[in-house]
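Going down the list, the sequences are from chains V and W. Position one of the first sequence corresponds to residue 1 (our numbering), numbered consecutively onward. Position one of the second sequence corresponds to residue 1 (our numbering), numbered consecutively onward.
Don't read these hints as lab results, they were simulated from the structure. Treat the hints with care, as some may be off.
Claimed, not checked - Partial pick of chain W residues on the chain V-facing surface, computed with a CB cut under 8 Å:
#: 1; residue: I119
#: 2; residue: L122
#: 3; residue: A123
#: 4; residue: M145
#: 5; residue: Q154
#: 6; residue: L165
#: 7; residue: I179
#: 8; residue: V180
#: 9; residue: I184
#: 10; residue: I194
#: 11; residue: I197
#: 12; residue: Q201
#: 13; residue: T205
#: 14; residue: K216
Glycine included, C-beta positions come from ideal geometry on N, C-alpha and C.
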Amino acid sequence: MELLLVLGIPLAGAALLAAVGHRGRAPEVNVLMSLLTFAAAASLTTRVIADGPLLALNELFFVDAFNVFLVTLTAFVGFTTSLFSRPYMRIEAERGRLSPKRLRLYHSMYQMFSFTMLLALLTNNIGILWVALEGATLATVLLVSLYRTPASLEAAWKYFILCGVGIAQALFGTILLYLAAERVLGAGGTALLWTHLNEVKGSLEPTVLSIAFVFLLVGFGTKVGLVPLHNWLPDAHAEGPTPISAILSGLLLNVALYAIVRNKVLVDGALGGDLAGNLMMGFGLLSVVVSAFFLSRQRDIKRLFAYSSIEHMGLATFAFGMGGTVATFAALLHMTVHSLTKSAIFFAVGHAAQKVGTQVIDDIRGLINVSPAVGWGLMIGGLAILGIPPFGVFASEFLILTTAMHDHPWATPILLVSLAVAFASIFSKVQAMVFGESTGQRLPHRPAALPVFAHLAIVLLLGLYVPPYLAQWYRQAAQMIG
Amino acid sequence: MNLPLSAQLINLLAALMLLLAFGMLAQRRILTLIHLFAMQGAVLTANTFVVAFSSAQTHLYYSAVLTLVLKVIVLPWILHRLIDRLNIRWDVETLINIPTIMLVGIVLVILSFNLALPISELAGTVNRSTLGIAMAAVLLAMLMMITRRKAVPQVIGFLAMENGLFFAATSATYGMPMIVELGIALDVLVGTFIFGIFFFQIRETFDSLDIHHLEKLKEK
Chain V
1 MELLLVLGIP
11 LAGAALLAAV
21 GHRGRAPEVN
31 VLMSLLTFAA
41 AASLTTRVIA
51 DGPLLALNEL
61 FFVDAFNVFL
71 VTLTAFVGFT
81 TSLFSRPYMR
91 IEAERGRLSP
101 KRLRLYHSMY
111 QMFSFTMLLA
121 LLTNNIGILW
131 VALEGATLAT
141 VLLVSLYRTP
151 ASLEAAWKYF
161 ILCGVGIAQA
171 LFGTILLYLA
181 AERVLGAGGT
191 ALLWTHLNEV
201 KGSLEPTVLS
211 IAFVFLLVGF
221 GTKVGLVPLH
231 NWLPDAHAEG
241 PTPISAILSG
251 LLLNVALYAI
261 VRNKVLVDGA
271 LGGDLAGNLM
281 MGFGLLSVVV
291 SAFFLSRQRD
301 IKRLFAYSSI
311 EHMGLATFAF
321 GMGGTVATFA
331 ALLHMTVHSL
341 TKSAIFFAVG
351 HAAQKVGTQV
361 IDDIRGLINV
371 SPAVGWGLMI
381 GGLAILGIPP
391 FGVFASEFLI
401 LTTAMHDHPW
411 ATPILLVSLA
421 VAFASIFSKV
431 QAMVFGESTG
441 QRLPHRPAAL
451 PVFAHLAIVL
461 LLGLYVPPYL
471 AQWYRQAAQM
481 IG
Chain W
1 MNLPLSAQLI
11 NLLAALMLLL
21 AFGMLAQRRI
31 LTLIHLFAMQ
41 GAVLTANTFV
51 VAFSSAQTHL
61 YYSAVLTLVL
71 KVIVLPWILH
81 RLIDRLNIRW
91 DVETLINIPT
101 IMLVGIVLVI
111 LSFNLALPIS
121 ELAGTVNRST
131 LGIAMAAVLL
141 AMLMMITRRK
151 AVPQVIGFLA
161 MENGLFFAAT
171 SATYGMPMIV
181 ELGIALDVLV
191 GTFIFGIFFF
201 QIRETFDSLD
211 IHHLEKLKEK
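Work out the full structure, taking the sequences as your base and the hints as a guide.
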């Protein structure tokens with residue numbers, strides 16, 4: 001029941017906002033719909049905590065410890081981003097960058113995107129997972145080009161073509177997986193259901209599954225933004241409206257990584273070896289290194305944090321690749337704290353860019369004088385994402401590094417150097433933007449400070465103390481993923 | 001070699017599929033490209049029908065009908081409408097070095113046959129030998145996307161890639177479960193609409209549908 005609400009509310013919201021999304025109160029409707037989705041997700045979560053994994057509607061939906069925490073996270077960040085989007089989009093509209101028609105498209109597709117994300121997380125069918133992820137691209141592609149500037153059109157086109165080709169590889173991987181599954185489970189609906197596949201994963205044909213996993217990793221990896229498939233990511237983040245950058249970084253990348261990990265569980269079961277893990281470690285490490293070195297060259301504030309997203313997703317992919325309970329626990333924690341911190345940063349960045357009217361880092365100075373909330377939000381968020389203790393990112397990075405030191409000592413220096421380079425680049429840039437002579441102006445609407453500090457407070461809390469039930473989830477999920 | 005009639009038909013259709021993929025790779029006229037794409041859809045439909053008949057898989061009849069409606073009628077119709085409204089019906093693209101592209105294509109075909117060999121030995125379908133061709137069709141469509149400079153042919157390449165994937169699904173597994181196939185069809189349809197909207201946006205902004213306008217965002 002809660003499950004249907006979690007999916008039904010955003011879908012209804014998309015339809016409703018498609019009709020009234022251009023009215024003056026549309027941002028509030030958007031917030032309300034997202035809040036209701038979050039409430040439904042929270043109640044679904046309490047039920048799963050109480051009753052254990054849940055299969056529903058002809059086994060079409062499946063909720064376990066792994067996806068339930070992502071569902072809550074997705075609904076929560078969806079809600080806080082809608083809070084941020086309310087003043088942000090109003091200011092954009094008043095500055096004449098958006099027509100009412102485009103606002104309607106924006107609000108409707110915002111809800112549609114939530115729907116596809118939640119569908120991708122909740123479905124038990126690997127084919128539907130693919131369909132939902134492709135749907136998420138379709139929902140966001142017109143939002144990236146919302147401003148209709150030449151650069152935003154280019155970014156959207158790149159996003160569409162690259163993710164389209166990537167996701168086609170993933171479809172081929174899914175077909176191969178189905179081929180292997182069909183021999184064990186028989187043709188028809190059940191051969192793509194993850195729960196069934198998980199039961200028989202030991203007897204799936206290893207050759208087919210190893211080829212399938214390569215296609216799946218490349219395909220979904222494009223969406224995670226793994227190097228060298230990351231080209232669309234900085235452009236799409238920089239050129240789209242900032243709330244979209246926040247949910248792309250905070251949610252879409254997580255869900256794409258979720259798709260890879262779900263498939264990895266099956267492939268590991270069939271192969272018994274480390275092929276999938278090694279591939280993920282390779283891609284993850286490459287992403288961390290390359291993005292860390294690209295960070296210092298960025299002049300656009302949103303591109304800077306987009307590269308930082310590639311770095312952190314690479315780190316999480318690497319941790320999932322190492323496998324084992326501790327590394328997987330760390331990867332799950334890292335996904336959570338990165339999603340919260342990065343979206344908080346994008347909220348602050350969005351208002352900062354509005355204040356000074358540019359996204360060029362060199363032109364943003366002295367934020368703290370114009371608006372203490374935005375300035376401190378960016379400063380604290382920047383410190384949190386760099387892994388300064390006591391924030392949650394420190395805890396997860398520390399766990400990943402210690403596990404790497406134990407299992408794969410050769411990787412540790414590479415990771416440490418990359419993290420140090422990333423630290424130097426981001427810290428110097430953020431510090432210059434926050435302090436110094438101010439250049440900004442007052443905004444017609446109060447900036448949304450609440451979502452920024454709510455996220456950062458949770459990240460701080462997670463760094464100091466992981467509540468027992470949350471730790472319990474992570475542990476259950478980590479054991480299942482192995 | 002004495003193959004049953006259905007198997008011969010399937011092989012014939014697979015050969016046609018590959019031929020059409022090469023044809024699209026070398027075709028410079030946008031209008032002819034759309035015709036070729038529709039023909040590939042028709043071959044795909046025929047193939048699905050023959051496989052459905054010879055393997056007695058009833059759900060494949062539905063997916064054949066779905067293919068017919070989507071890939072032979074609706075998508076080519078949308079594309080025709082688009083090139084009419086954009087007034088590029090008679091556009092000819094300059095393609096450099098068609099022989100080289102063809103040679104690369106042949107290498108891709110050999111590659112995909114090699115890659116498909118271990119997989120097709122495992123498949124229990126009547127038409128498993130065509131998996132290599134399906135893979136080749138996917139890769140050739142990707143090659144087409146890479147070599148084209150204009151937006152519309154790139155999108156046709158994208159759709160042709162989907163054709164190849166569908167062909168792969170039929171030859172390896174008798175098609176995906178119906179619910180997944182419907183979802184994929186929906187995504188493709190919505191995707192084509194969005195591409196259509198994009199054409200107008202790009203044209204409005206740049207006054208042309210040349211992709212080289214879209215190569216400004218780079219790392220300095």
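Hints, one by one, checked against the model:
{"no.": "1", "hint": "I119", "in the structure": "holds (6 Å)"}
{"no.": "2", "hint": "L122", "in the structure": "holds (6 Å)"}
{"no.": "3", "hint": "A123", "in the structure": "holds (6 Å)"}
{"no.": "4", "hint": "M145", "in the structure": "holds (7 Å)"}
{"no.": "5", "hint": "Q154", "in the structure": "holds (7 Å)"}
{"no.": "6", "hint": "L165", "in the structure": "holds (5 Å)"}
{"no.": "7", "hint": "I179", "in the structure": "holds (7 Å)"}
{"no.": "8", "hint": "V180", "in the structure": "holds (3 Å)"}
{"no.": "9", "hint": "I184", "in the structure": "holds (6 Å)"}
{"no.": "10", "hint": "I194", "in the structure": "holds (6 Å)"}
{"no.": "11", "hint": "I197", "in the structure": "holds (7 Å)"}
{"no.": "12", "hint": "Q201", "in the structure": "holds (6 Å)"}
{"no.": "13", "hint": "T205", "in the structure": "holds (5 Å)"}
{"no.": "14", "hint": "K216", "in the structure": "holds (6 Å)"}
Checked against the numbered hints above, the structure violates none of them.
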